Amino acid sequence: MTASQPDFHASSVAALADPQIRANFRRAMDGLMAKRAALFADPAEWRALRALGTAVRTRTLANLPELLERLEERCRGNGIAVHWAETTAEANAAVLAILRAHGATRVVKGKSMVSEEMHLNDFLESHGVESLESDLGEYIVQLDHEMPSHIIMPAIHKDGRQIARLFGEKIRGAKRTEDVDELTGIARGVLRQKFEEADAGVSGVNCAVAETGTLVLIENEGNGRMSTHVPPLHIALMGIEKVVERLEDVPPLLALLCRSATGQTITTYTNLISGPRGPGEKDGPREVHLVILDNGRSRIYLDPELRATLRCIRCGACMNHCPVYTRIGGHAYEAVYPGPIGKILTPQVEGVKARHELMHASSLCGACVEVCPVEIPITELLIRLRREASHLEAGSPVLEAGQARNPWEDRAWALWRRLHASVPAYRMLSRLVTRLGRLPAPRLGPLGAWTGARTAPRPASRSLHELARDRGVPDA
Amino acid sequence: MSGEKRNAVYFYGTCLVDLFYPQAGMAGIELLRREGLEVVFPQGQTCCGQPAFNCGYSEEARAVARAQLAWFREPWPVVVPSGSCAAMMRRHYPELFAGEPELPAVEALAARVHELTEFLAGVLGVKLVDRGEPVRVTWHSSCHALRELGIREEPKALLGQLANVELVPLARERECCGFGGTFAVRFPEISAAMVADKAADVAATEASELLAADCGCLLNIGGRLGRIGSAVRPRHIAEFLWERTAGGAPR
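In the order they appear, the protein sequences are chains A and B.
So in our numbering, the last spot in the first sequence is 476, and the numbers never skip.
So in our numbering, the last spot in the second sequence is 251, and the numbers never skip.
Hints listed in this document are in silico derivations from the structure and should not be mistaken for laboratory results.
Check before you lean on any hint, since a few could be wrong.
Partial selection, computed: residues in chain A whose CB lies under 8 Å from chain B [as the list claims (entries may be wrong)]:
1. L16
2. Q20
3. G103
4. R106
5. R176
6. S363
7. L364
8. P397
9. A414
10. Y426
11. M428
12. S430
13. R431
14. P459
15. L467
A few chain A positions that, by computed beta-carbon distances, are all more than 10 Å from chain B [said to hold, decoys possible]:
16. H145
17. D283
18. R311
19. E375
20. P457
21. S463
All of these numbers come straight from a predicted model, not from anything done at the bench.
Virtual Cβ for every residue (Gly too), placed ideally from N, Cα, C.
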């Protein structure tokens, strides 16, 4: 969380200068890319599964209001209380009210990106509730007072040595070790105790099934099952877009999610939660609550093109394959969702005024689009957001549309247009560049930025137009 | 100009080739002419409009794109020695002109646009005979050729026909070089980190030439190779192919 105005450029420069960040992300992303590629080795199978996943998400979104109503009805029928929150403040208040009604002061959490949007841990701590992350990666970043740097692997920016040092400093009585299994054992020891003592468990939701009122939660560590199962009270958090229509919509989405995220065919745990402990049952929470958060999603939903943003199943493949993310890591984005999906989501949720830099921090290489399991056209949406951030178009649904206008850039493109939309003007430009371009130029502005790492571009002495004319290539 | 002319193709040089790599443009033209095609180079052409389009300045992009249309009216293929500019014309022109009176003409033009290597290998099926000395080269594909046009094997197939050319792949062949148009100057540090890695990857192949079919990538990687004093020669694939098969620089 950042109190001051985000400054992506400055953060990215700082990250680039950190050899530990560079090495940790490169190594981790290489591993994730290889694991994913191994599971999508058959292009036909990938295309078919992806088309299915995209169809499921698209169909769901087309009927979103109706499906959410049905989900609420079925959940209530299953004994799950449903709470609606338009803002993160409302969601936090709803969680706190539930906890207070039970006198709960100790919470264990499974991993949830929605809870990151809410900054739930800080909120609860400030209201006297201990909120402990139980996903190992989340536990590590919480221990170090950091935000997750990746939506699937929150502590991927740290290597074993850094984690060993952190545990040594922050966990009383922890043995000094760099052995991964031993480190995991230390965290497990702390968490076991906390699971037993917790008054409530909080979790995310990978998808919620409207026809059955089922909450689906996948994970690898068992902490999700412990958080949702052991404490007497379970509060699940989800964004409005996470609903699906039918139970049979779930398998293709999970198949895509596991393969795309971690290169697994299936996670170790797949939890289907259909309600609180029933009469005569020996375990499970006595109450289950579902908090459904909007936080800007319904605004995105209104535009048929931008709506594709909401297809996202939060697999993180776009970050794993992003050449920018790989080099600067997740924290530089100063956003809950880093990487390519964050570049389209964050400006839409938080507004383009403070966040327009994110939309430009892409070479539009399209590596993210290529691997997105639900075919979100990220580069196309980036271009659209760039346009509507700098131009006030009538009826633009983009938050703070037109407010990232830069008069200097307007002038630069107006000049560019004058030079390229007229044949005589272009001829003049071409003469200027080819005749004078070889003279040493002051390394200012864009050229200065370019020559920091490269030699200055060297124009030819004669243009292709001239060569073609001289060599008798016919004109139109 | 008669619409009946057979075997005619337009050559769309692109602004970067025009001003920085005209010899690559001439080589492209010669490669097409050798196949018996009549190559027409409209002198009125300037830039496809991609720089402004990518930055969100659609109106400016459309004005410049519109200025190209008049020069490419005949129903001939338009061959472009750049994956990025070809993708702009083929994929993005129809979207740029949505709702505009020119849309039908733009759609017809877009359907005729071909990237040079794709046209040589895929459409013409050229046969190349290598006349050069043994050489080791490496190949960098532009992201737009790869992902927007799906051109992966064509350039390699062309190089594969050259008996004395050893093609050593880059370790991260599919990773962006960090150019991205204005990205390189908006975020020079990130772009520099990307191109530094790419140049190191090039060096590791121990190739003497780096070939590409997009001049944005060439300016970027070539600029980096120059800055680190590398002996690797960055070149457009058209120039390389012409030189190897005609035994000299383009006429």
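Taking the hints in turn, this is what the structure says about them:
1. L16: 5 Å, holds
2. Q20: 15 Å, violated
3. G103: 50 Å, violated
4. R106: 43 Å, violated
5. R176: Nearest chain B Cβ about 34 Å off; hint violated.
6. S363: Constraint on S363(A) satisfied, holds at 3 Å.
7. L364: Holds: closest Cβ of chain B sits about 6 Å from L364(A), inside 8 Å.
8. P397: 16 Å, violated
9. A414: 7 Å, holds
10. Y426: The hint holds - Y426(A) has a Cβ within 8 Å of chain B, the shortest such distance being about 4 Å.
11. M428: 11 Å, violated
12. S430: 6 Å, holds
13. R431: 10 Å, violated
14. P459: 5 Å, holds
15. L467: L467(A) check passes; min Cβ-Cβ to chain B is 5 Å, inside 8 Å.
16. H145: 26 Å, holds
17. D283: 49 Å, holds
18. R311: Given that every Cβ of chain B is farther than 10 Å from that of R311(A), nearest at about 19 Å, it holds.
19. E375: 13 Å, holds
20. P457: 5 Å, violated
21. S463: 5 Å, violated
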